[in-house]
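Chains as they are written, first to last, in this note's numbering: chain L, 1456 to 1753; chain H, 26 to 388.
Hints listed in this document are in silico derivations from the structure and should not be mistaken for laboratory results. Using N, Cα and C, we set each Cβ at its ideal position, and we do this for glycine too. Be careful, since some hints might not be right.
If the Cβ cut is set under 8 angstroms, some of the chain H residues that face chain L in the computed set are [said to hold, decoys possible]:
(1) Val-71
(2) Phe-239
(3) Met-241
(4) Leu-341
(5) Asn-367
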Amino acid sequence: MTKALLDAPPEFDKPASTGRLIWNGLTRSPSGFAGGMIVLFIVLLSFVGPFFVDSTLPTDTSKIWNGPSAEHWLGTQYQGKDTFTILILSGAQPIWIGTLAAFTAIFIAVFLGAIAGYFRGSLDNRLLQLTDTVITIPQFLLMLAIVAFFRNLPAVAVALIVGFTTWPVLMRSIRMQVMSLKEREFVEAAKLQQLGAARIIFREILPNMAGFIFVSFILAINNAIYAVVGLYLLGLLPITDYNWGLMIQEAWSQNAYLNSNALPYVLAPLTMIILFQIGLVTLGRSLEQALNPRLRER
Amino acid sequence: MTAETVAPPPRAGTKGTPPPRPLAVRIWRNYAFKRIRQAIFTIWFVATGTFFLARLMPGDPIDIMAGRLTESGMTHAQARGIAEAIVPYDPHASWYVQYLEFMTGVVTFNYGNMMTRPSTEVTDYIMQYLPWTLFSVGLGVLIAVFVGLGVGMIMAYRRNGTFDHIMTPIASFLAGVPNYLLAAAVVVIGSTWLGLFSFANMRGRLSPGVETGFNMVFIGDALYHAILPVFAYAVTITGGWMLTMKAATTEIMTEDYVMVARARGLKGWRIGSNYIGRNAILPLMPQIALALGTLIGGAVLVERILNYPGIGGMFLESINQRDYPVIQATTIILASTVVIANLICDLLASRLDPRIRLDDTEA
């Protein structure tokens, strides 16, 4: 007992490393582990899979909307192309746009949230007012208006727009975390050492929130993919590549969803996105439990 | 431990008798007044934002109309001339004249006539669509909040019991499903694949021949056509609410006053409703109002998939045609709905929850 006490570092100074907590949280919770595996599987399928399929995809008018067969596992689409191949080629774009969008949102949220939570005062009030204002605007409508007006946006711009419209909720929770962390002893100690505010925020406070930020990032990917796939589904984004959202949009705009032979073309991307989203949410939530000490002790 | 026994030095104006302030200052710093100011600011911000956003975009309503006319075989100059004559929009007017005119319209709730159908008033046009979206989204939220809060509370009561172990994965499963994809899956699997219901009959908002009016036929038919969207909204948000409510209830259950209530021998349901339920739900109220905003935006997708003619499809259409007044009015009306819902929620919460201060201390 005494030895353990001596060995244990002072608790306020060095909590268990975030990586360790994430790993523990993942392996201890079966649903989180399953979620992580689903996410990993879909990411591999979408980014590594394309190297293993024949991406030439010949159009074949004699095979329009054929049902599943040995040759075409998921049947063919309206140009006679193989649905399974399209499904594999279609995952990369929504996933990377969603990830970039989530990254943008998190970046803005962390930056503004840390500043507001650390300095408080009138700057905090201004920033809070800004988030209150942006939060109440129906975000998807805003996104829709911007994207619809600027037709033919490059994918990166779409990611940035989605990121710029989805940061406020995250900013608020990051601000709250910073506010609670800055009252801790190690921040007091850093202040006594006359370290600069930037250093205290970025080197002392934010690393302690790494887990929280990571979880928020995972959940933000979820929101971003909802938006990105939605925009494709409305036919608002330029048709450059194969894309799950586009598959659903094509099935819908041609009323193919009423044709039972065409069902794999709708159901396959639907299943992929839904599985990916569920995977992310279960992964995120069990990590949250692992990383949030208040939830952990109960 | 010692930290709690040492009282912090009183801050000026918060402890003891505060120095009296002039009435005007007290009103200005009043919480309710602050929130109302903020709500007005938000609506102004949204209005101004959409005004400039609309004009920054490539193409104006005259271009779009002229483009459509050239398709019918006119020369470009002819089409342009006709479009300029039809569309009540002057592209040469300076932006501040337009802005002033527009803001006057916002304040007086007069958004003028549509650009694409110059004889129709914008508000009349929006009112053909808005009630249907509010009806389906509202019903969905209502069901989700009731079910979610109720089930979440039971989950917290029976923490680590069978019910909790079954419901928690289901709840996070539901929280992960995007509403419009659930709608698509229900249509594709339920109607096309299994033939459980006829999606063809459920499209639209009413069956042909049903008149709007306060009677059973109309209400029944409206509900029948709204089942799918309401289902999609309700199911996808219930999961999140269960988890939120479970967390909130668990937190409240460890509070001292709940212990005291138990010690006093109060009945279980009384503790549940008066002590735990009320205190767990109150902090969630603003979140419920915020959820409304997200849902109204997302309704565009659900309505597109389910062919439900609400505000979503109309908004998309008006963007494509650059019908400035319709775009602006829709955005402002929807944003105001959400802002006002938030405002009411916050004011109600501050009435019911003494911890939210109504006086002029820091917000």
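Exercise. Is the shortest C-beta separation between Leu-341/H and chain L less than 8 angstroms?
Worked result: holds (7 angstroms)
For this session: Tell me if Phe-239/H is really an interface residue toward chain L, meaning its C-beta lies closer than 8 angstroms to one of theirs.
Result: Hint violated; Phe-239/H Cβ to chain L Cβ min 30 angstroms, cut 8 angstroms.
Problem set entry | Residue hint Val-71/H, partner chain L, criterion CB-CB below 8 angstroms | holds (6 angstroms)
Exercise. Is the interface hint for Asn-367/H satisfied, with its Cβ closer than 8 angstroms to some Cβ of chain L?
Worked result: holds (6 angstroms)
For this session: Against chain L, run the beta carbon of Met-241/H and see if the smallest gap drops under 8 angstroms.
Result: violated (31 angstroms)
The structure does not agree with the numbered hints 2 and 3 stated previously, though it agrees with the rest.
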